[in-house]
Every structure is written in C-alpha cells, then in structure tokens.
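A.B. asks: Protein chains in written order, with our numbering: chain A, 418 to 574; chain B, 22 to 165.
No lab work stands behind these hints, which were simulated from the structure alone. Be aware that a few hints might be false.
Within a straight-line C-alpha distance of at most 25 angstroms, the following computed DMTMM-like cross-link-like pairs (lysine to aspartate or glutamate) qualify [unchecked claim]: (1) LYS94(B) - ASP31(B); (2) LYS32(B) - ASP52(B); (3) LYS123(B) - ASP156(B); (4) LYS96(B) - GLU164(B); (5) LYS32(B) - ASP502(A); (6) LYS25(B) - ASP441(A); (7) LYS142(B) - ASP557(A); (8) LYS464(A) - ASP535(A); (9) LYS123(B) - GLU102(B); (10) LYS25(B) - ASP502(A); (11) LYS25(B) - ASP557(A); (12) LYS45(B) - ASP31(B); (13) LYS142(B) - ASP126(B); (14) LYS123(B) - GLU458(A); (15) LYS25(B) - GLU164(B); (16) LYS32(B) - GLU87(B); (17) LYS96(B) - ASP502(A); (18) LYS25(B) - ASP501(A); (19) LYS142(B) - ASP127(B); (20) LYS32(B) - ASP505(A); (21) LYS25(B) - ASP103(B); (22) LYS96(B) - ASP156(B); (23) LYS25(B) - GLU432(A); (24) LYS25(B) - GLU102(B); (25) LYS32(B) - GLU102(B); (26) LYS32(B) - ASP501(A); (27) LYS25(B) - ASP505(A); (28) LYS94(B) - ASP156(B); (29) LYS464(A) - ASP541(A); (30) LYS32(B) - ASP46(B); (31) LYS25(B) - ASP513(A).
Listed next, with one range per pair, are the computed distances between beta-carbon atoms [to be verified]: (32) ASP501(A) - ALA111(B): 23 to 33 angstroms; (33) VAL553(A) - VAL37(B): 52 to 62 angstroms; (34) SER483(A) - GLY93(B): 32 to 42 angstroms; (35) ASP513(A) - ALA105(B): 22 to 32 angstroms; (36) SER574(A) - GLY115(B): 44 to 54 angstroms; (37) LYS96(B) - GLY539(A): 34 to 44 angstroms; (38) GLY141(B) - ALA542(A): 27 to 37 angstroms; (39) LEU68(B) - ALA568(A): 17 to 27 angstroms; (40) ALA568(A) - GLN66(B): 14 to 24 angstroms.
Just so it is clear, the structure is predicted and the values come from calculations on it, not from any experiment. Cβ coordinates follow ideal geometry from the N, Cα and C atoms, glycine included.
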Amino acid sequence: MANQIFNIALGRVAELYNRVDLNDPANSALIIVILATSGIESDATLKDKDDVAAVVSGTTNEVTNSGYARKVLADADIVAFAPDDTNDRVDLDIPDQTWTAVAAGDGWNDLLVCYDSDTTAGTDANIVPLTMHDFVVTPDGSDITAQIAAAGFYRAS
Amino acid sequence: MLLKRLYHQDKLVRNVRGMDQALKDPGRPEDVVLEVLPGAVRGVQVLRAGARQHFSPGIIEGGVAEGWLSMGKGKLVIQGEDGAIVYRIARTPGHYCCHCQKAVDDGSGGQAHVAAAHAGKVSPDPSNPAGYRRDNFYACVREE
Chain A
418 MANQIFNIAL
428 GRVAELYNRV
438 DLNDPANSAL
448 IIVILATSGI
458 ESDATLKDKD
468 DVAAVVSGTT
478 NEVTNSGYAR
488 KVLADADIVA
498 FAPDDTNDRV
508 DLDIPDQTWT
518 AVAAGDGWND
528 LLVCYDSDTT
538 AGTDANIVPL
548 TMHDFVVTPD
558 GSDITAQIAA
568 AGFYRAS
Chain B
22 MLLKRLYHQD
32 KLVRNVRGMD
42 QALKDPGRPE
52 DVVLEVLPGA
62 VRGVQVLRAG
72 ARQHFSPGII
82 EGGVAEGWLS
92 MGKGKLVIQG
102 EDGAIVYRIA
112 RTPGHYCCHC
122 QKAVDDGSGG
132 QAHVAAAHAG
142 KVSPDPSNPA
152 GYRRDNFYAC
162 VREE
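Generate the whole structure from the sequences, applying the supplied hints.
C.D. replies: Shown next as structure tokens:
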C-alpha cells in the first residue's frame, strides 16, 4: 500500500482545504477516517471511490475500536494556508492527531483525509476522500498518534 | 488563517574575482550570473486571521526561525507586515480531560483521571470517546 490521492480530489485538495480555512461553507471541515486492515481493497480500487460511503461499500471497512472516532478539523484546527512563493508550491498541514485509549480490535491500515462541506448533514455520501496515507497500527489500549510529516500531508506544485 | 510570506530579493551570485584575482569560475566570462539564491523570508502579511487558531509546534518553530513569530509571557505574536497580531495561549500541547478540561500527565494519567472522576459518563467530546484527549497544538484566542 502507498500514499495516494483519490481521483475525485485530483486538482482540488488545496482549494477544498482553503474552503475549510475560509469557513465557507460555515460547517465545512476536514474529516480524518481510519480504515481497517481486514478486508482492505487495493489502492487501485480505493483510488476510484468518490465518497466515503463508496470507500466502505466493498470489503473495506472503517475501524470500530472502542476509543476511535473520526476527527473533525474546522477552520481553527488546520494550519495556516501559506503558499511558498520561493519554491512555487503549497504545503497543506494539520497538527498531529491523537486517538486516546484505543482498545484492541481492528488493526489500523490507512488514514484518510477527507472533506465534508456540511458536518451537520451526517451522511458519508457527501464526504469527499482527498488523500490516503499508510498508517499501520495494532491498537492495544494506549494512545495512538498520527504524526504528520513536517511538510504537511499534501503538496500542490 | 491565510499568510503571505514576504521575501528578500533574490541574490545574484556573479563571476567575480577574488583576492587572488582568480575568477570564481575561470571557465566562464567575468561578471556573468553563476547562481540565483532565493531570497530569504523577511516577514509575513496576515491576510486572514480568525478569533481562534490552533498553532502546531511546526509552524511556530518555522515562524520563530524566520523571525515573524514570537512566543512568550503566555502570548503568541505574529509580526505581520501591517502590524502585530496577538494571540493569547489558552492551552499548550498535552493531555486534557474532556469533561473538566483538567490537564493530566499522559495517556495513563488520563485514563486514571476519567475512571476516578467521571466514571460511567459519556465523553462530551465525540472526537475523543475515551473522555480525555491529547492536544498536539497551542490553542490560541486572538486579542483585540
């Protein structure tokens, strides 16, 4: 498995991140979702999925460990949008994410950064998967931290 | 938050003679530009700043290194081109109880605190069902 960008998000990640930063729409947010090892489909299959409901519509599943919940990152939670004019690129960053006291159960396989235009709508069919990152962990009841790379989770150039 | 980084002009490295009268690059004409060094960041312009902002340690370290951000006395100051933006640090990175916001030492301390003080209660924070959380950022509130 490798890190990848979902086809539906190609060319859109930086702008959707910017929309969250702008708080436009008001209830937009980045959503962090963890996929389980069991039943995970190939990168090529998952890359074609256009929303989170579709991502978990096959054999792929979201983890269900006690202590796990999706992370919802609104405008104040994401790092400042700051284009790099020297290197002609934009790095998108979020703080490290920690899940506390995650019980044993599902093995963790991948971390998804997704975009939800309306977190009050409550439907996975409206959540767009943006990027997918290897995140293999075996929960044992302790805290789990996803350490985001120094340059961020995505680079547009 | 939207920041515009501002840069010093690029520095041109020309083919000049040194103390020994030798050219830096003898194979090329005198005074020709050998290299363009990108200008260093000289500051930022704050184009958009919210009332609340979570600053990751990474952006703070970068801002301090580049000289446009300082931190001290419980405040975080962005020295913007158009004036300073001041944020009060409401919480530093660490573990906190979601029920009472009490700071706890670590994960095991968080579990012990929740078990002792909030046993049987559903976490008020849906993103942290265990009842305690770890903040990996400085939670800041803008001062007017």
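A.B. asks: Now, for every hint given, state plainly whether the structure supports it.
C.D. replies: So, going through the hints one by one against the coordinates:
no., hint, in the structure
1, LYS94(B) - ASP31(B), "36 angstroms, violated"
2, LYS32(B) - ASP52(B), "14 angstroms, holds"
3, LYS123(B) - ASP156(B), "12 angstroms, holds"
4, LYS96(B) - GLU164(B), "9 angstroms, holds"
5, LYS32(B) - ASP502(A), "15 angstroms, holds"
6, LYS25(B) - ASP441(A), "20 angstroms, holds"
7, LYS142(B) - ASP557(A), "22 angstroms, holds"
8, LYS464(A) - ASP535(A), "23 angstroms, holds"
9, LYS123(B) - GLU102(B), "37 angstroms, violated"
10, LYS25(B) - ASP502(A), "9 angstroms, holds"
11, LYS25(B) - ASP557(A), "43 angstroms, violated"
12, LYS45(B) - ASP31(B), "19 angstroms, holds"
13, LYS142(B) - ASP126(B), "21 angstroms, holds"
14, LYS123(B) - GLU458(A), "42 angstroms, violated"
15, LYS25(B) - GLU164(B), "21 angstroms, holds"
16, LYS32(B) - GLU87(B), "17 angstroms, holds"
17, LYS96(B) - ASP502(A), "28 angstroms, violated"
18, LYS25(B) - ASP501(A), "8 angstroms, holds"
19, LYS142(B) - ASP127(B), "20 angstroms, holds"
20, LYS32(B) - ASP505(A), "17 angstroms, holds"
21, LYS25(B) - ASP103(B), "12 angstroms, holds"
22, LYS96(B) - ASP156(B), "18 angstroms, holds"
23, LYS25(B) - GLU432(A), "16 angstroms, holds"
24, LYS25(B) - GLU102(B), "10 angstroms, holds"
25, LYS32(B) - GLU102(B), "22 angstroms, holds"
26, LYS32(B) - ASP501(A), "18 angstroms, holds"
27, LYS25(B) - ASP505(A), "13 angstroms, holds"
28, LYS94(B) - ASP156(B), "20 angstroms, holds"
29, LYS464(A) - ASP541(A), "16 angstroms, holds"
30, LYS32(B) - ASP46(B), "17 angstroms, holds"
31, LYS25(B) - ASP513(A), "23 angstroms, holds"
32, ASP501(A) - ALA111(B): 23 to 33 angstroms, "29 angstroms, holds"
33, VAL553(A) - VAL37(B): 52 to 62 angstroms, "54 angstroms, holds"
34, SER483(A) - GLY93(B): 32 to 42 angstroms, "41 angstroms, holds"
35, ASP513(A) - ALA105(B): 22 to 32 angstroms, "28 angstroms, holds"
36, SER574(A) - GLY115(B): 44 to 54 angstroms, "35 angstroms, violated"
37, LYS96(B) - GLY539(A): 34 to 44 angstroms, "38 angstroms, holds"
38, GLY141(B) - ALA542(A): 27 to 37 angstroms, "35 angstroms, holds"
39, LEU68(B) - ALA568(A): 17 to 27 angstroms, "22 angstroms, holds"
40, ALA568(A) - GLN66(B): 14 to 24 angstroms, "22 angstroms, holds"
The structure fails to meet hints 1, 9, 11, 14, 17 and 36 from the earlier list, while all remaining hints are met.
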